[in-house]
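> With the numbering used here applied, the sequence shown corresponds to residues 1 to 274, in that order.
Watch out, some of these pointers could steer you wrong.
[To be verified] Computed beta-carbon distance windows for the label pairs:
| id | residue 1 | residue 2 | range |
| --- | --- | --- | --- |
| 1 | M90 | P236 | 19 to 27 Å |
| 2 | V101 | K41 | 36 to 44 Å |
| 3 | P129 | R218 | 16 to 24 Å |
| 4 | T20 | S88 | 18 to 26 Å |
| 5 | T36 | C237 | 40 to 48 Å |
| 6 | K84 | I228 | 18 to 26 Å |
No wet-lab data here; the hints were simulated from the structure.
Beta carbons: idealized from backbone N, C-alpha and C, even for Gly.
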Amino acid sequence: MCTTSQGGNKKMPVQIPDDTDFTSFKEQCENQEGWTARYNKGNVTVWCRDEECKTIQKLKMRIVCKDVTAETLYDVLHDTSYRKNWDSNMIDTHDIGRLTVNADVGYYSWKCPSPLKNRDFITMRSWLPLGNDYLIINYSVKHPQYPPRKDCVRAVSLLTGYLIQSNGENSSTLYYLTQVDPKGSLPKWVVNRASQFVAPKAMKKIYKACQKYPEWKRKHNPNLKPWIYPEQNTLPCINVSDLVLQRADSLENIDESRLTEEKQAQRHSDDEET
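With these hints in hand, go ahead and build the complete structure from the sequences.
This is the structure we're talking about:
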């Protein structure tokens, strides 16, 4: 599905991902060519692109979850009600509306390391169960009712998503690939923290959240899973023609490259917790 703009307007059309897009994303997750490992400890690995290791624009992570099913991982990554229980960097997240039975639009904002300004996104998310695999991918769009806010820098997801693979009855592997323009010239310490501390910690948090999710879900609308049962989805409908692709060059660019890391943000022992 694709929309086209009228007249001489150069607005970029929004396209809901198809099977080819999901297959391409899966190949990027599994293919190691052109990627350099920046962290490899225990059950977590973090890579960056060879040509992009000086930035945080493209990272790929993998964690092996030996006692978590692929289905549980899929549920945790979808369940925004549960996210506040495990995502300590999140400021706010909520679904805005649905496009199809497997695509919606949502808002997410998160805390950046002090003294950087916080970032937020408006993204179109799409998901697809594929045999023993589950895929969730998103990219940034413009929504007319959600312009950039003064208290956040509007960042741009060029392509971000998850690949979940079943390793058997009670084991799974999670890949997370993110290609993001943070809209700003970031200092080197942010780049280093992202690949060596923040990313591994984030994967471990998801793993721990998955271990606790079945018990939590039993007490919180256990049968409510609109990502699996679309008839449960009560979000308002959005027409894809109301959206346009969020271009990075249309947003304010800020220079934070000279900011120094505040002492209270240096919690390496916490970042390396297992």
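> For every hint, state whether the structure bears it out.
Results of checking the hints against the structure:
1. M90 / P236: 19 to 27 Å: About 23 Å separates the Cβ atoms of M90 and P236, which means 19 to 27 Å holds.
2. V101 / K41: 36 to 44 Å: holds (39 Å)
3. P129 / R218: 16 to 24 Å: holds (23 Å)
4. T20 / S88: 18 to 26 Å: Hint violated: Cβ distance 36 Å, outside 18 to 26 Å.
5. T36 / C237: 40 to 48 Å: Since T36 and C237 have Cβ atoms about 43 Å apart, the given range 40 to 48 Å holds.
6. K84 / I228: 18 to 26 Å: Holds - the Cβ-Cβ distance for K84 and I228, about 21 Å, lies within 18 to 26 Å.
The structure does not agree with numbered hint 4 stated previously, though it agrees with all others.
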